[in-house]
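Number of protein chains: 2
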Amino acid sequence: MDNSSDFDKLANLQRPHKDMINIMPLQTGSILTAAARRALVEFGDGYSVCDFCQGRLAGIANPPVNKFVEQMLPEFLGCDHAVLTYGARDGIFMVLHAMTKPGDVVVVDANRHYSTAVAAERAGIELVPVPRSGHPDYIVDVEAYAELIRERKPAVVLLTYPDGKYGNLADAARVGEIAEAAGVPYLINGAYAVGRMPVRMDALHADFLVGSGHKSMASAGPSGVLGLKTKWRDVVLRLSAESKKKEVECLGCTLRGVPLATLMASFPEVSARVQRWDEQVAKAQRFSAAMEQMGFSQLGEKPHRHDLMAFETPGFYEISQRVRERGYFLYKELKERGIWGVQPGQTRALKMSTFAATTEELDTVLCAFRDILAKYS
Amino acid sequence: MDNSSDFDKLANLQRPHKDMINIMPLQTGSILTAAARRALVEFGDGYSVCDFCQGRLAGIANPPVNKFVEQMLPEFLGCDHAVLTYGARDGIFMVLHAMTKPGDVVVVDANRHYSTAVAAERAGIELVPVPRSGHPDYIVDVEAYAELIRERKPAVVLLTYPDGKYGNLADAARVGEIAEAAGVPYLINGAYAVGRMPVRMDALHADFLVGSGHKSMASAGPSGVLGLKTKWRDVVLRLSAESKKKEVECLGCTLRGVPLATLMASFPEVSARVQRWDEQVAKAQRFSAAMEQMGFSQLGEKPHRHDLMAFETPGFYEISQRVRERGYFLYKELKERGIWGVQPGQTRALKMSTFAATTEELDTVLCAFRDILAKYS
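First to last, the protein sequences are chains A and B. Sequential numbering from 9 applies to the first sequence in this note's numbering. Sequential numbering from 9 applies to the second sequence in this note's numbering.
Only true hints are included.
Note that the list lumps identical chains together, so a pair holds whenever it fits in one copy or between two copies.
The list that follows gives simulated cross-link-like pairs (lysine to aspartate or glutamate, EDC-like), each with its CA atoms no further than 16 Å apart: (1) Lys75 to Asp14; (2) Lys75 to Asp88; (3) Lys26 to Glu369.
These are calculated hints, taken from the structure and not from any lab test.
Between the sequences and the hints, there should be enough to build the whole structure, so can you do that?
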């Protein structure tokens, strides 16, 4: 079989849009810092972070994984212990797998990520949703956790903070108070919070907090962090009977390579940027207001408190119904204008993030939307 | 708190030995190809491979993940279906978790990796070992699988091929015949085989084959592959009730970032290098013979058929007993000679791999060993 043409493609992989303005929610929080780009090249080879490993990933002193995991991350997350994971979903599965048995119930916000449901399926547990209000704001009334906890006696309660569809920030501290009063361990999925905005496990009365390196910590993926209270350490981070240096739920070691190097290299800048979160919120609100002036409606909480936003864009949908490219016209028009992140084909509602773009770049995006509407009107 | 000095370190992570001759078994198979180094820089950002995702990692057409996963990997592994994982251990856990229930038995070679035992603990199953001969060859008599299968009725049998301690290649095809005759699914841990040497799941009568990107496929980590037979697809790759595009045991998607790009970019060269495996075996045997001439004894099978080897080195141990640096003298002496991979402190027995070094570089290593012995004699 002649693979040469396919092989040529594999050996020359490229991202054509890499210098464009990026508004894709999945990507805006994980654009590498300059330090991470250097670490990427330095630690590209497999098992690169394991040069000086003595048998325990979190014990490695060079690069200083030990200080990062055992001191810096706990301080940053407001937790007692931290552990490296492949991502938020993997941290969630670790917690659910360790803290529940098949058939158990977990109470979870209706805005939870799909991967929470998949992790629950893998652990053999039932998710019971805390309802959300309907269109257009999709708000989870966190007081409803209390009744569901009484009724269903969950092994764990979980909140997605913020959710990945609307960027709504439910009252995570209130859920913590309710869970604490009921004596139920509380897990926060902070995939879109940790590394973007200030978030501390202790302040939110949580038992567990997961974050995502490749979503919000300026890191290559797969990478993530899990913070937890000391009281759960022997459950979730229980050591193997086989190897006393290895955690069972981590299968021994997790990030054996470059994503750990980028996570660490970006950490100083990530620590600093969460302190400037108010600027991000202002940028998001200004963008949302401009979008609404254009006739689009922002879904989710208003005023919005996160860079991740969804808009209903009937003007674009209407155009898609009468142009040759159908829904793809918008993707194409934006790409021509150097704007990346609207899914090809999407026009009815657009999910975007203002996190990575500057105010000037967001003006370019707004201008582009105006131009495109005008061009097809 | 003033983090500035720690932060400076994180922002300037370096690998001081990166241009040295590398004989560390963990690392010799995952030094990136030039193509992978380009892909690394191109796809460094988080979620970079997901630019054009329509909801299914293995369905992405740009970069051509779909062709890689659905066509190239199955051809390469000799399997019906392939799936991307975080590494060999993660593939093993996926299989064990899907194919067994807590309390089940898995029959496994006594040379299995520690992570196999940890994966079994996580899945709540019992490992029953097929014994190995003792010192110095540690050979697993694969015929013993038959009796243990009759006695213990395992849910799965597993073979480590080769093992990671001695580089012994047990008769994997014979285990396959035994398992097939007994109707027991058969999983091969090929972490040190896939990407180094020719290995095909079908030829070995196996049901599952796992490989490791960061051990043997010239890829950044964490990354791995799992090949399987069609008959197990609906068990191990069962789809989520929540999201019909997502596999439960993958928690939806696995390699959401740069390790997938390096795995793909190196694949053409990896495909080619396994065809030159006889050269690697010759290099290993020549190295082993020279080590034995120096008074060291190779452990494991002889003649050796893999680049991963362990040697008893009493001459170095004897020196360590009378020098100021104790066991660290050897690490230091080798480092000064530009040789990387012997664990600091090790002298009694050394594990090494001849895979990445050229014949000339291996001569440098042999010379260094001779020089060091002479220097301290």
